[in-house]
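For the record, the sequence lines run as chains A and B. For the numbering used here, count along the first sequence from 1 and bump the result up by 17. For the numbering used here, count along the second sequence from 1 and bump the result up by 17.
Wrong hints could be hidden among the right ones.
It does not matter which identical chain is used: a pair holds within one copy or between any two.
Listed next, the in silico DSS-like pairs over lysine-lysine satisfying Cα-Cα at most 30 Å (straight line) [claimed, not checked]:
#1 K185 with K30
#2 K263 with K30
#3 K100 with K440
#4 K358 with K185
#5 K430 with K110
#6 K81 with K324
#7 K30 with K110
#8 K118 with K383
#9 K118 with K335
#10 K368 with K335
#11 K81 with K368
#12 K81 with K335
#13 K118 with K30
#14 K81 with K430
By construction, these hints were calculated from the structure, which means they are not laboratory data.
Protein chains: 2
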Amino acid sequence: MQQSRFGFSEVSKRTPESPISYFMQQAVENQDIISLAAGLVDTGSLPVQEISSALNDILGDPTKAREALQYGTTQGHLPLREKIAKHLASLDKSSTTFSPKDIVVTTGSQQLLYILSEVLIDEGDIVITEAPSYFVYQAVLAGRGAEVVSIPMDEEGMQIHALEERLKQIEAAGNLPRIKIIYTVDYYQNPSGRTLSLARRKELMALMNRWSNRLRAVIVEDAAYRELRFDGPDIPSLKSMDPENKFVVYAGTFSKPCSPGLKSGYALMPTELVRPILIIKANHDFGSSNLTQHTVDRLLENGDYQKHVLELQEVYGKKSRVMLEALESNFAAYPEVTWTKPTGGMFVWLKLPEHISTGLQSEFLKAAMSEGVLYVPGIFAYRGAGPLPDSEMRITYGDASVDRIREGIHRLKKAYLRVKDTKPAPARTASSPKPALV
Amino acid sequence: MQQSRFGFSEVSKRTPESPISYFMQQAVENQDIISLAAGLVDTGSLPVQEISSALNDILGDPTKAREALQYGTTQGHLPLREKIAKHLASLDKSSTTFSPKDIVVTTGSQQLLYILSEVLIDEGDIVITEAPSYFVYQAVLAGRGAEVVSIPMDEEGMQIHALEERLKQIEAAGNLPRIKIIYTVDYYQNPSGRTLSLARRKELMALMNRWSNRLRAVIVEDAAYRELRFDGPDIPSLKSMDPENKFVVYAGTFSKPCSPGLKSGYALMPTELVRPILIIKANHDFGSSNLTQHTVDRLLENGDYQKHVLELQEVYGKKSRVMLEALESNFAAYPEVTWTKPTGGMFVWLKLPEHISTGLQSEFLKAAMSEGVLYVPGIFAYRGAGPLPDSEMRITYGDASVDRIREGIHRLKKAYLRVKDTKPAPARTASSPKPALV
Ligand SMILES: Cc1ncc(COP(=O)(O)O)c(C=O)c1O
Ligand SMILES: Cc1ncc(COP(=O)(O)O)c(C=O)c1O
């Protein structure tokens, strides 16, 4: 934080700048650079016609139009919340539908993550996340002054036995009441592309039941990419395994499966969280854009949303295959480089040999930039004690064209060849400061 | 806060529920009640055609459509920020235009008030507000744990000599660095309808200059109702008297002069606040709805916005005259009842004799509800030490039809007649708890 006339708050001082802004800027300033970093959705498949006709329906009807252009409620448009409840039941092929009273509509699911964290976390409280984890949420946690305990993942997602070991340690230290949230991006995770398997889901819910008389934490199931499934099994949500609505906040969004420009998200949560969330949301904005809520409502009503999701599954499935094929052909000769194989969403997690840093000051990033390709350094997805993995990266096929995906991976290989024989850097530890962001 | 499995944060515990939700609910549940409480805008004059054609322009052009439906930047759509800079210069008839780099677009101006408060205020910090003041902002300040120092108003708005006296006291107590914000709703204030006079504006800016070497506070000029002027002089903003962009955050909104359903607001601020604000906003939502930003951009570009504001000035001017005439004819015989005469915006502030409480538990509110009329109790607009005025209320002609405005005021008179001869209640002091909200 710069020297200033103004006195900044602790929240402000604690909150790190998001790396994404930096990478977005780079990509905007230099169109020759292929960005495999930015978390944009596929621009070409945005549902322009569908949204246009939904808006014409709304604005063509004077009563609906005026309702949509007036203030709405803080909790969100009731018909939309009713449709969301049904939509979630249909995703889970479940016959029990949760109540629209337990749903809150937000300005993207990001706002829900923020407000829920405000409602639950005091400085020093503990939040359990996957390692790696969604870095914007890591920044939120830093702002709240939370202590992050991260649980390793494997191909089946968060390791539930490791989670239970940590719970026992935290309990032994007398800190169990400080655990407020267990956060999982359980479908095609940002950043790793991994999915929590059905077996692990059952283990996690069994654990919650076992610990329920002493653990106060809520599970946040961030399902942002869930509907973008193009391969693999159709796995039910953790929420569907919480029939009494006790343990899980399900955070969903229309940004990924429909349009980020609407910036509409929602959450289904235990009843007793609704009022505290609404009290804080009333102070943030007393309700997200009513017009974009009505738009989503219309798309769910006329079925265009559901149709569009099917198209997107094709689009991302194809782009993911292009990226995976490019990775295979470029890195076949370098088995020390490994990556995940997502079955949905838009992210691949790539690991270089441990001695090659991918961080902001690294030789590898310099090489990549001069080859003309960008990624997000893996370090931003880690927090907590111990040396942080520093030779990983997130790459995305979200917005790049298939040609640019192929060329981008080729450039990444060239960058790798430039640095692969450099000397190992000194090991990074948690106490070494994160690289400055500007 | 109810007993709960979950552990809520200090922020959550400190934040009061907004009274508005309660009153909205009442009005929705009983259509016979005339609500002079809800802060809705005039529904009949919402710019349906204009917004519809703006959206058709955007969505009819594939390039623009895709840009608007994709994620934007955290700071907001640059062409919109450029137009806002010009728009502000034209409102102030000023030849110097501030930079779009110092403008941030938010989800309504409410979000700006919230984030700025997060960025500047730690628990125990001081915020200076008018008395009475906008109650949603009072709730934000309660959530932050701020100490509120309130400065009395008269017909010219905040009393600047009283402000300076308080600054001296606070300085003498060694607390000057704790003052973070001086908050003024300086045009047709919510709730009182009053405007800060030109003379007072000059006094305030002179004070800021005099104290600038030791006072770190920023002025927040909340100009939400500014453009809805139907009478009285066209007064320049405090911002226009801050040519070096040092002292004033100007918070504006498109909710009141255009459409709340777009939920689009903005602020022009000293440069060094921009980055800290964006870092927090990145965690809230990394950018407000891009589609609604593009919509406002188009309305400013094609001139429909400017034309619409002129129409709204007529609409609210007419409705305010209806309300003021109704007040005069109904309360002519009761000179102990007084009210403000706004020259813009949508609020009138009504005072009953001091012994008549207007609070949530009051006989007067009961009488009003059984007569079928609602207002917002004045107590919510006050905070700070000393006995809080409890016999005032905010009434609005914002959304009610002229017939309902007339009938609503008539019912208010009937409610007054029911209670006017009741016994004085014991004096309320700051230490007596605020009435519970549910
Ligand atoms: C895992 C995850 N959660 C939540 C979000 C928030 O998206 P939005 O606020 O647009 O719904 C994102 C966006 O990138 C994400 O990757
Ligand atoms: C004084 C004042 N400021 C700010 C706002 C915020 O409005 P919005 O967030 O819709 O721009 C309001 C809304 O009622 C208001 O009265």
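Hints and how they fare:
no.: 1; hint: K185 with K30; result: between (32 Å within a copy, 29 Å between copies)
no.: 2; hint: K263 with K30; result: between (35 Å within a copy, 21 Å between copies)
no.: 3; hint: K100 with K440; result: neither (57 Å within a copy, 52 Å between copies)
no.: 4; hint: K358 with K185; result: neither (33 Å within a copy, 65 Å between copies)
no.: 5; hint: K430 with K110; result: neither (43 Å within a copy, 57 Å between copies)
no.: 6; hint: K81 with K324; result: both (24 Å within a copy, 23 Å between copies)
no.: 7; hint: K30 with K110; result: neither (45 Å within a copy, 38 Å between copies)
no.: 8; hint: K118 with K383; result: between (51 Å within a copy, 29 Å between copies)
no.: 9; hint: K118 with K335; result: neither (38 Å within a copy, 39 Å between copies)
no.: 10; hint: K368 with K335; result: within (23 Å within a copy, 68 Å between copies)
no.: 11; hint: K81 with K368; result: neither (51 Å within a copy, 37 Å between copies)
no.: 12; hint: K81 with K335; result: between (39 Å within a copy, 26 Å between copies)
no.: 13; hint: K118 with K30; result: between (36 Å within a copy, 22 Å between copies)
no.: 14; hint: K81 with K430; result: neither (54 Å within a copy, 35 Å between copies)
This entry does not satisfy hints 3, 4, 5, 7, 9, 11 and 14, going by the numbered hints stated previously.
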